[in-house]
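Could you build the full structure based on these sequences and the hints that come with them?
2 protein chains.
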Amino acid sequence: MKEELICPHCGRPVSRYRNPFLTVDIVIELENKGLVLIQRAKEPYGWALPGGFVDYGESLEEAVQREAREETSLDVELTGQLGAYSAPDRDPRHHTVTVVFVARARGEPRAADDAREVGVFAEGNLPSPLAFDHGRILADYFAWKKRM
Amino acid sequence: MKEELICPHCGRPVSRYRNPFLTVDIVIELENKGLVLIQRAKEPYGWALPGGFVDYGESLEEAVQREAREETSLDVELTGQLGAYSAPDRDPRHHTVTVVFVARARGEPRAADDAREVGVFAEGNLPSPLAFDHGRILADYFAWKKRM
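Those sequence lines, one after another, are chains V and R.
195 is the number that this note's numbering gives to position 54 of the first sequence; each next residue is one higher, with no gaps.
170 is the number that this note's numbering gives to position 29 of the second sequence; each next residue is one higher, with no gaps.
The set of hints was computed from the structure by calculation and includes no laboratory data.
Heads up, some of the hints might be wrong.
[Said to hold, decoys possible] In silico DSS-like cross-links for lysine-lysine, where the CA-CA straight-line distance does not exceed 25 Å:
(1) R:Lys286 - R:Lys174
(2) R:Lys183 - V:Lys143
(3) R:Lys183 - V:Lys287
(4) V:Lys174 - V:Lys286
(5) V:Lys183 - R:Lys143
(6) V:Lys174 - V:Lys287
(7) V:Lys143 - R:Lys143
(8) R:Lys286 - V:Lys286
(9) R:Lys174 - R:Lys287
(10) R:Lys287 - V:Lys287
(11) R:Lys287 - V:Lys286
[Claimed, not checked] Short derived list, chain R residues pointing at chain V, Cβ under 10 Å:
(12) Leu146
(13) Leu279
(14) Tyr282
Ideal placement from N, C-alpha and C gives every residue a C-beta, glycine not left out.
As structure tokens, this is what we get:
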């Protein structure tokens with residue numbers, strides 16, 4: 142599929158191959174405390190897994206480390222991949238495909254960047270509303286933990 | 142990271158946010174026979190898992206079905222996700238991130254589209270050379286099967 146950009150100099154269309162945007166999201170297990178979620182500072186509002194866009198030239202694992210640090214101030218240790226989620230309507234703004242990682246961390250999370258607030262939650266007390274398909278991702282995570 | 146395209150009308154640069162390209166690859170288990178690999182018709186040459194670029198607005202699962210049909214003429218039934226692979230140098234042409242699915246199929250594969258030839262192989266007789274990081278992906282697949 143092609144995407145049409147508008148040339149800012151002459152106003153005419155520039156066509157380019159269009160791929161979904163690639164993101165990572167991170168289930169951060171905070172030692173003895175629960176899961177780290179952020180309250181989004183931008184639309185769509187709500188609570189969400191920390192995460193964000195993957196840069197060209199950056200591995201998914203590097204993007205995970207960077208986004209965790211930017212949004213929660215935590216250094217995370219990756220422990221696995223939960224899976225990729227790609228329904229075209231999972232983000233109301235545009236088509237994003239996310240690869241979800243599981244990681245662990247210790248210390249005190251502090252909100253920064255796109256995160257307005259940060260909180261630590263357990264399965265029984267998840268905040269609401271959860272943005273995107275993060276409710277489904279968290280349900281998959283808890284089911285996966287029980288199978289381990 | 143920004144990417145600069147050249148406007149074909151006025152020749153001046155148009156800047157755009159740059160993401161890695163997103164692809165899918167498919168480990169197709171052909172009933173009672175082995176795994177379906179293709180010999181690539183384009184550079185980089187070699188044998189590879191069937192797969193290709195994900196279109197904007199298409200889920201990963203839809204891309205898997207489409208690419209399997211285009212390259213091997215098989216209708217596949219998805220059985221799981223093996224994982225995502227994202228090292229920036231895994232494709233010599235540009236940075237691609239692939240999500241690898243496992244699927245099963247029956248019938249006779251026929252090469253088409255980007256596939257010059259199609260073959261069915263078992264763990265002990267994989268063809269050479271394997272393009273991209275598909276040797277590593279196949280090693281991960283065989284290790285995963287043994288854990289099941």
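Evaluation of the provided hints:
1. R:Lys286 - R:Lys174: Since the Cα atoms of Lys286 of chain R and Lys174 of chain R sit roughly 16 Å apart, the hinted pair holds (cutoff 25 Å).
2. R:Lys183 - V:Lys143: holds (22 Å)
3. R:Lys183 - V:Lys287: Measuring from Cα to Cα gives roughly 45 Å; hence the hint is violated.
4. V:Lys174 - V:Lys286: holds (16 Å)
5. V:Lys183 - R:Lys143: Between Lys183 of chain V and Lys143 of chain R the Cα gap is close to 22 Å, so the pair holds against 25 Å.
6. V:Lys174 - V:Lys287: Status holds; Cα separation ~18 Å.
7. V:Lys143 - R:Lys143: holds (18 Å)
8. R:Lys286 - V:Lys286: Between Lys286 of chain R and Lys286 of chain V the Cα gap is close to 20 Å, so the pair holds against 25 Å.
9. R:Lys174 - R:Lys287: holds (18 Å)
10. R:Lys287 - V:Lys287: holds (21 Å)
11. R:Lys287 - V:Lys286: holds (21 Å)
12. Leu146: Since chain V brings a Cβ to about 6 Å from Leu146 of chain R, closer than 10 Å, the hint holds.
13. Leu279: violated (18 Å)
14. Tyr282: violated (14 Å)
Of the numbered hints given earlier, the model fails hints 3, 13 and 14; all others are met.
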